[in-house]
Amino acid sequence: MQYLPNIIFAIALILGFGYFAKNVKKLIRNIKLGQDVDVSDNKSERFKNMARIALGQSKMVRRPVSGFLHVIVYVGFIIINIEVLEIIIDGLFGTHRIFSSLGATYGFLIGFFEILAVLVFVSVTIFWIRRNVIKVARFWKSEMTSWPKNDGNFILYFEMVLMTLFLVMNATDVHFQAMNSGNVISQFIAPLFNGLPETTLHFIERGAWWLHILGILVFLNYLYFSKHLHILLAFPNTYYGKIKPKGQFNNLEAVTKEVKMMMDPNADPFAAPEEGADDEEPAKFGASDVQDLNWVQLLSAYTCTECGRCTSACPANLTGKKLSPRKIMMDTRDRLEEVGKNIDANNGEFKDDGKQLLGDYITNEELWACTTCNACVEECPVSIDPLSIILEMRRYLVMEQSAAPTELNNMMTNIENNGAPWPYNQMDRLNWTKE
Amino acid sequence: MSDLLKVPTMEEYMAQGKQPEILFWVGSAGSFDDRAKKITKAFVKILNTANVDFAVLGTEESSTGDIAKRAGNEFLFQMQAVTNIEILNAYEVKKIVTCDPHSFNCLKNEYPELGGQYEVIHHTQFINDLIASGRLKVDGDLYKGKKITFHDPCYLGRANNEYDAPRNVLKETKADIVEMKRHKRTALCCGAGGAQMFKEPEKGDMDVNVLRTEDALETKPNIIATGCPYCNTMMTDGVKAKEKENDVQVLDIAELIANAQGL
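In order, the protein sequences belong to chains U and Z. For what it's worth, the working numbering labels the leading residue of the first sequence as 550, then goes sequentially. For what it's worth, the working numbering labels the leading residue of the second sequence as 283, then goes sequentially.
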């Protein structure tokens, strides 16, 4: 019986990490549903981007208030989690504050953690106020209702509770308070529990300790279902993010092949297809569903934390159009999850469900409202490129469905016929010199 | 006057067995749009004043295909690109300058993968270089004391990280440069990009160009400076929508320099 808590602790750890690992596997499987894309180039530049943008939070602080608060929460969360190491060792081996033998260093560390815990708590509270009291506009756009809205608040509550538990755990730890080293904050919380018998204090301390570690395990497993995944995926996403000039849109190789053939005077249009070419499915141009997007775009969908900086800078959205770059990313993730569940339910094979990203999630109206201005790409603090998804879907609309707006079809016919978007003759291109 | 508007073609150069210093890519707007043609002419005057040895493709030039690409028509884009590249390569073009940031971006970033490798420069960069190297001197006082705000074109700014060249050139006019609250990388689009120029906008509360014009008018400018023929149209329309056309002018940087010099 003596080892019961250790056993329960070990089981909780195994369950917590096991379920998380299972979902990570699913996450990777889903991301790999995307098309292959070569991102093996420029490794050093990519590392630099990851170090600067994800680790260094360089784009977060462009908006100073939320950026500063975010840095506190980010740094606080990472550093305070060092404490988890001690909790795990204590939990598994039945020790108590195993690192306290470090003496003054331990006191310094815990003291530092306590200060950070308060700072995190305060920052998270301000975040909550920004969302729910001040109602910062980007948190109240039409895509931010129901789950996305609650998700944002749940994360904040989680963090408030975890920080409180950490401080209460320290405050009610009689030995720790007696050491009087490192209890910079908790010494002021301890008096709240004055007069309670030592057994009750011990009970509260144990309760806080258990809830703290269980809370962390629950939070870890919450990630997969939440926009909060960004705390992990921001790193790969900034690594694999676009490194070419923002204005450079990718070249469609499948089209290049066909164009080269059309332009080649020696090509025989009636030539029999090469051996084996029959088996090749003709390339699909653009994207109508998540499997047509590349895996970096799918990774980005899981990385998006729905902060809405993109949408708040989007000229279409600012002028009341339906397009919201954030919604493009949220829709992509939702559809990808749906496809993933479909695969799980059908023994690893995707069964056509009569739905797709285009139409069922993202409408033509949204796609055609984009000015390709790159404001969303510039804004994203984790290097997501919503514009690339919009472009792939426009490609599908135009090249597979001939479903461009009429005026655009006219424009394209003009380019085809006269080499200009207007109906002017190419032979008149130099007329301006004579006017 | 006519000397200032001398526009040789690549064909003429080739006939003389010569190669110009630079190819001026006029672009579809610059060739056909009445407002943009004025920008084209202003830039030609600057080129001739600075004794730049340049030529145009003239009737051999065709749309870059940029708009088709943004609209999703990769086929049409690549057909245009391959055709243009064939001509550019036949003339052994090395260096291109253009007044259109969309052509600039497309030629610079999207032609290389299809076999077109050129040094591509936006006209604001080129004018900036001409001034820096002393080939062009701006000494008129026409705009001294005037308030000018510059609207960053998306395809020059965010798309290609060029924010300084147009501002450096503007400083030469001795005008007061005032920045809008959204400028450089946070600049708001004029509303024309991504093929929007050629269609009605989707349903919304207002037009993008009007919102952007409001940004500009907040700085109480005498002149809104642009570096893109499409931005120019959008901002001009925005100023009209705000009924400010008698107080505020919309001018391209090339026009400002040409006017300042009395060209």
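These are calculated hints, taken from the structure and not from any lab test. Accuracy of the hints is not assured; some may be wrong.
[To be verified] Label-pair ranges, simulated between beta-carbon atoms:
1) U:I563 to Z:E496: 57 to 63 Å
2) U:L604 to Z:K288: 42 to 48 Å
3) U:M976 to Z:N371: 36 to 42 Å
4) U:M976 to Z:K522: 49 to 55 Å
5) U:V620 to Z:K456: 41 to 47 Å
6) U:K809 to Z:K466: 45 to 51 Å
Just so it is clear, CB atoms sit at the ideal spot from N, CA and C, and this is done for glycine as well.
Structure-based check of all given hints:
no., hint, result
1, U:I563 to Z:E496: 57 to 63 Å, "holds, 60 Å"
2, U:L604 to Z:K288: 42 to 48 Å, "violated, 56 Å"
3, U:M976 to Z:N371: 36 to 42 Å, "violated, 22 Å"
4, U:M976 to Z:K522: 49 to 55 Å, "violated, 33 Å"
5, U:V620 to Z:K456: 41 to 47 Å, "holds, 42 Å"
6, U:K809 to Z:K466: 45 to 51 Å, "violated, 39 Å"
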